[in-house]
Amino acid sequence: MLKVLKAGFYTTLQDAGRFHYRNKGVPVSGVMDEMSVFKINSLLENHESSAVLEITMTGPTLLFEKETYIALGGAKMSATLNNLPIQNYKVYEIKEGDILSFGRLEKGFRSYLAVKGGFTSKEILGSRSFYKPITKINRLIDNDNVPFSLAKDFQPKISEIKVASFLDESVLEVNKAPEFDILSDKQLEEIFSKTFTVAHENNRMAYQLTETITPHTYSMLTSATIPGTVQLTPAGKLIVLMKDGQTTGGYLRAVQLTDKAICILAQKKGGDPISFKLV
Amino acid sequence: MNSPKINIKPFGVHSVLIEWPNEVSEIILEKILHFERFLNKEVFTNKEWELVPSYNSLLIINRTKQIDFQKLSSDINNWYVQLKESPKPDRYLWRLPVCYDLEFGLDLEEVANHFHKTKEEIIALHTGTTYTVFGIGFLPGFMYLGGIKKELEMPRKATPRPKVVKGAVGIAGKQAGIYPQESPGGWNILGNCAVPIFDASKENPCFVSVGDKIEFYKISRAEHDLHRIEAEVGIYKPEKIKIDA
Numbered sequence: 001m002l003k004v005l006k007a008g009f010y011t012t013l014q015d016a017g018r019f020h021y022r023n024k025g026v027p028v029s030g031v032m033d034e035m036s037v038f039k040i041n042s043l044l045e046n047h048e049s050s051a052v053l054e055i056t057m058t059g060p061t062l063l064f065e066k067e068t069y070i071a072l073g074g075a076k077m078s079a080t081l082n083n084l085p086i087q088n089y090k091v092y093e094i095k096e097g098d099i100l101s102f103g104r105l106e107k108g109f110r111s112y113l114a115v116k117g118g119f120t121s122k123e124i125l126g127s128r129s130f131y132k133p134i135t136k137i138n139r140l141i142d143n144d145n146v147p148f149s150l151a152k153d154f155q156p157k158i159s160e161i162k163v164a165s166f167l168d169e170s171v172l173e174v175n176k177a178p179e180f181d182i183l184s185d186k187q188l189e190e191i192f193s194k195t196f197t198v199a200h201e202n203n204r205m206a207y208q209l210t211e212t213i214t215p216h217t218y219s220m221l222t223s224a225t226i227p228g229t230v231q232l233t234p235a236g237k238l239i240v241l242m243k244d245g246q247t248t249g250g251y252l253r254a255v256q257l258t259d260k261a262i263c264i265l266a267q268k269k270g271g272d273p274i275s276f277k278l279v
Numbered sequence: 001m002n003s004p005k006i007n008i009k010p011f012g013v014h015s016v017l018i019e020w021p022n023e024v025s026e027i028i029l030e031k032i033l034h035f036e037r038f039l040n041k042e043v044f045t046n047k048e049w050e051l052v053p054s055y056n057s058l059l060i061i062n063r064t065k066q067i068d069f070q071k072l073s074s075d076i077n078n079w080y081v082q083l084k085e086s087p088k089p090d091r092y093l094w095r096l097p098v099c100y101d102l103e104f105g106l107d108l109e110e111v112a113n114h115f116h117k118t119k120e121e122i123i124a125l126h127t128g129t130t131y132t133v134f135g136i137g138f139l140p141g142f143m144y145l146g147g148i149k150k151e152l153e154m155p156r157k158a159t160p161r162p163k164v165v166k167g168a169v170g171i172a173g174k175q176a177g178i179y180p181q182e183s184p185g186g187w188n189i190l191g192n193c194a195v196p197i198f199d200a201s202k203e204n205p206c207f208v209s210v211g212d213k214i215e216f217y218k219i220s221r222a223e224h225d226l227h228r229i230e231a232e233v234g235i236y237k238p239e240k241i242k243i244d245a
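In order, the protein sequences belong to chains V and C.
At position 86 of the first sequence (counting the first as 1) the number is 86 in the working numbering, and the numbers step up by one without a gap.
At position 133 of the second sequence (counting the first as 1) the number is 133 in the working numbering, and the numbers step up by one without a gap.
To be clear, the hints were calculated from the coordinates, so they are not data collected in a lab.
Here are the computed lysine-lysine pairs in the DSBU-like style, where the Cα-Cα straight-line distance is at most 35 Å: (1) V:K132 / C:K166; (2) C:K5 / V:K237; (3) V:K132 / C:K202.
Keep in mind that this is a model prediction, so the values were computed, not measured.
Kindly generate the complete structure, drawing on both the sequences and the hints.
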């Protein structure tokens, strides 16, 4: 088991997501920053959908109760193993009783912890990703235990990678979403020339943006949405749906973030600037 | 038969949206579900694909690969034109019990006052119609029900409640529904249904599908409490009637 001594601000278990239940209203969930997780699962030679811990803003303190190998990625959170600093995107061997903790948030917003073989909690509807009430809990709390399998004598093919970090990037590349063509020239100009600020209302469901654009009166029937859909409300507010976002919505769908843009945004917090670029 | 026209739109690089005319219509919904069955069975058989129908649209999503929009939209048009009549799948009418006691029907009096009717008349209007499931979204198992009586079309509340309880039966504009879990919500609440619409422990977590029908009937508080206990221990079976469409 991995024992959660202190849970941190918002720590969850996530894998690639929960698919094939969207027609019953179940969000896909899964890791917010797929690019960072892909790299650490690759380092540990895990399956790409192996479950990892998603650690938001303030990290937990974790006790390993058996041997394994770990890798960290995503946000930089001053991680230490038994009080010694460790780096992202590097494989570390873990002994029974080792303690992993996190300090100051240096850059980004979500950090990831992968273990060799992935966390092995029970799958519900085909996924280990937390999403209440599909899973009983929506985040880890103090003294929770997360299961994983013992791993010994692992010889990683590559033990460390240099990563071209996108944590400093703020341009979100987008493609057209279904109602793109009904946007006015003025609204298009605003979307693609303004710098927007991530509002404090930001979480795994959606990121709201502080600045508004020209309002509209377009009304539509409820229709499907996906992670990365940028909705425009009649009041001119932009809402970017994220991994726990609802599967249908009634707001105009203006643009759609690329996979990479979802990762870039997942590393932003309230107050950070972003802008959109059509590709 | 002349098929209603479709319009195919790009939605990022992993999805395309097929849209039918912008109206709430059972004929259109049937056509969408018919086409969805064909696509699921004949085309998108690989697990990478997922389809989400709702009102007048059908979203096609590929989990990882980029879609060639020009090619896929031309294929979709061809498949749609050549779509053959096929046997309809089993469809069900689900009869769901509702307790309209004021403890649950938080807005029943307000709705009655709004329409200058008695609470009993409002309940009769709510139970006296067959609803169609036009979509499932917003929350796991949240059904968008069409077919509400005109005399019961009431705008959603000006200020949403921060907490609506699980099972709350509500109306808003032309829509009716049930909150499958506790959630914030702005619909007018008329009663409570103890039948769990969504149960993640089941292989099919939501017994209702888009295209099914729903009817409500009034039950007493005692019956409601019994159904709640039956639901908690997992022995309640919702009443279903096969429909010959």
